[in-house]
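Chains A and B are the protein sequences, given in the same order. Oh and the first sequence: position 119 is 119 in the working numbering, straight run, nothing missing. Oh and the second sequence: position 183 is 360 in the working numbering, straight run, nothing missing.
Errors might be hidden in some of the hints.
[Unchecked claim] Stretch by stretch, here's where chain B covers chain A in the computed footprint (C-beta under 8 angstroms, at least three residues): (1) 27 to 40; (2) 46 to 52.
[Claimed, not checked] BS3-like, lysine-lysine: derived pairs with alpha carbons at most 25 angstroms apart: (3) B:Lys208 / A:Lys151; (4) A:Lys132 / B:Lys384; (5) A:Lys116 / A:Lys33.
[Stated by the list, open to error] Distance windows between CB atoms, simulated: (6) B:Ile403 / A:Ala49: 25 to 33 angstroms; (7) B:Lys310 / A:Ala126: 26 to 34 angstroms; (8) A:Lys44 / B:Ile299: 41 to 49 angstroms.
Calculated directly from the structure, the hints in this document are not laboratory data. This structure is a prediction, so every number in the text was calculated from the model and none was measured. Glycine included, C-beta positions come from ideal geometry on N, C-alpha and C.
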Amino acid sequence: MPNRTNSFETVFNKLNEMERSQSIDPSIVEDFKLLEKHFSEIEKECVSATERKLEDAFLLFHVMRSSRMILERAHSRFIDARERHENPVIVDLSKMVVPRIYDMYNLVIPIFHDKKHVLSSSERSAILTRLKILRDIASTTSMLPSVDDEKKGILKSELRSRFHGLADSLQATVDEE
Amino acid sequence: MKSRIFIDSCTLLSASVFVSNKDIDEETPLKHKFYEECKELFTFIQRNLAKRIGIITSTVENEAIGVLDRVIEGELKARGYSRSHDFEIFSRVFNICDIKMRQLIMMLQREPVDSVDVAMRIYSIRNMYEEMKKRAKSLPQVAKAKTKSVPSRLKSVLNWEALYAWQDRFTHSQILNLLYNPVDDEDLIILAEASHLKTIYNSTEGKNGNLYIASKDRHFVPVRSIRTTYEGREITDEILRRFGIICEHPKRVKDLYIAEKSVK
């Protein structure tokens, strides 16, 4: 799987150019789509790479999926920018979010390519902290997917069953404490 | 100082696990066992938003995310879900809880802390827990002696020794818990941060207010029995004595805060 550092560079260059010209270049949407596709492929590989530990595969999957969803929000904001009078505000907002996604990507991608790598607790913690920072910024810039976005396309019975399990396990954790 | 309520990670998490009945096609919503109690405290904080009484630190936020990660990891392992199907669902569930946590955190004041001062305080807090652990190891066995003092006409009424042993265990339950469930580093940091913040508030605002930690963690808050009035609260009392911080369950924190204000 090719590294997408170049795609990030293209996005950064276009954002800088848009900031300078104070107008939106719609071609950036295609660059976002390329990155989203790449992230989606990584997600699929996390699912299929059974040689990787389950919890590590899930964390990588979760990070890539969460980052991709933020990218999708950024991309749709660019499409709607004219209607929402966000030209060129969206450029400034994207310049806050995209570098964080790039940081996240650079942290995760070497681990992703080394399928035998087992995440240590400090690595897990570093990934989760970086994901939290990314989501903090996405939230500040209104690029965080909503609860409704997260619930879209999921069966109610599945949501109920997973939340049930989660609530039970969390109760056990608190009770143990 | 102005009285404040420091939210612990388990309180934050418990108030975040909620799915409405509409979302799951059920008559009742799905929620954490402590959801109501913890949400009630957040509702109280929200009603008093202008007073900025609820506080949190980034350690608590990260700890809450870490616990969520561990629990989802445990769920994936224990229930043997399929990767292809369940990664996606659990990732959604993770993010839904994260978003709900963010909505709650918005009601709180994020307090910055001086990491050097916090690190120095951790040492004395660790010592306190070590002393408590030692005390738990050397507790006298008093059930037998107490049973001897029961009047002979009442001896056959109850199993007095079992009763006294239970009472004894319950009264010391907080410190006995340390023997098989030692305090973790995150709890030490959270208490050190609370102690650090209390010192800052005292020095800048005066000493006439309280700092409460709202938690469900028995390393902080008393263990209570539903049917009796017995309490295990040796650690809670020691935290109050050494650091001047009141650790209580979320509902009790709210009641104490209201009572304190009505007295003033």
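These are the hints, each one checked on the structure:
no.: 1; hint: 27 to 40; in the structure: violated (count 0)
no.: 2; hint: 46 to 52; in the structure: holds (count 4)
no.: 3; hint: B:Lys208 / A:Lys151; in the structure: holds (17 angstroms)
no.: 4; hint: A:Lys132 / B:Lys384; in the structure: violated (35 angstroms)
no.: 5; hint: A:Lys116 / A:Lys33; in the structure: violated (30 angstroms)
no.: 6; hint: B:Ile403 / A:Ala49: 25 to 33 angstroms; in the structure: violated (48 angstroms)
no.: 7; hint: B:Lys310 / A:Ala126: 26 to 34 angstroms; in the structure: holds (31 angstroms)
no.: 8; hint: A:Lys44 / B:Ile299: 41 to 49 angstroms; in the structure: holds (43 angstroms)
In summary, the structure is inconsistent with hints 1, 4, 5 and 6 from the numbered list given earlier, while agreeing with the others.
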